[in-house]
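Asker: Sequence:
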Amino acid sequence: MTSIPEAEALYGDLLRGVQALRRPQTRLVGITSGGAWLVERLQKDLGLAGAPGVISSAMHRDDFARRGLSASAQTALPFDVNGADVLLLDDVLYTGRTIRAVLNELFDFGRPACVRLAVLVDRGGRELPVAADFAAARLTLADTQSLALARSEAGVFSFDVKES
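For the sequence shown, position 26 matches number 26 in the working numbering, and the numbering has no gaps at all.
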């Protein structure tokens, strides 16, 4: 099994990566649920005013019939998407299908000027032509493994690895 890096250490790398990508007008948007946790903490750690955006892929997933709608899957974008500079954040980039669904959801709200992507982990295995502008780590896992961000009640990040 591949050694999984510490999520908290990778968060520090992500924070520095987001600082490098961010422009004064950039709006941070986290993908539910791991990306939403990341953006909540990034917004605070970067000292940004207001609430970050949260976006769900649920309504645009190509496997919606199988997965259904998650109770926590709510999109909240507290800014005008038209002409916005959007930096999407997610915990794990894998096939690219979640990003495709999120882009469809984002464009339902308007036409952003620019959309970039920063992730905690890029695990390869792409099925669609999607690439992150920043990845805190790149690692390879077996197709039978899933990797997801977990958050303790104290807000400490860790990774949850499962065999399918």
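No lab work stands behind these hints, which were simulated from the structure alone. All values reported here derive from a predicted model rather than from experimental measurement. Every residue, glycine too, gets a C-beta built ideally from N, C-alpha and C. Please note: incorrect hints may appear among the correct ones.
[Claimed, not checked] Listed next, with one range per pair, are the computed distances between beta-carbon atoms: (1) F109 - A142: 34 to 40 Å; (2) E127 - A148: 25 to 31 Å; (3) T140 - D80: 23 to 29 Å; (4) Q145 - C114: 29 to 35 Å.
Asker: Tell me if the beta carbons of F109 and A142 are separated by a distance inside 34 to 40 Å.
Answerer: holds (37 Å)
Asker: Holds or violated: 23 to 29 Å for the Cβ distance of T140 and D80?
Answerer: Since T140 and D80 have Cβ atoms about 39 Å apart, the given range 23 to 29 Å is violated.
Asker: Assuming the hint says 25 to 31 Å, is it satisfied by the Cβ distance from E127 to A148 or not?
Answerer: With a Cβ separation near 18 Å, E127 and A148 fall outside 25 to 31 Å, so the hint is violated.
Asker: Is it true that the C-beta distance of Q145 to C114 lies inside 29 to 35 Å, as the hint says?
Answerer: Once the Cβ atoms are compared, 33 Å apart, the range 29 to 35 Å for C114 and Q145 holds.
Hints 2, 3 from the earlier list are contradicted by this structure; the remaining hints agree with it.
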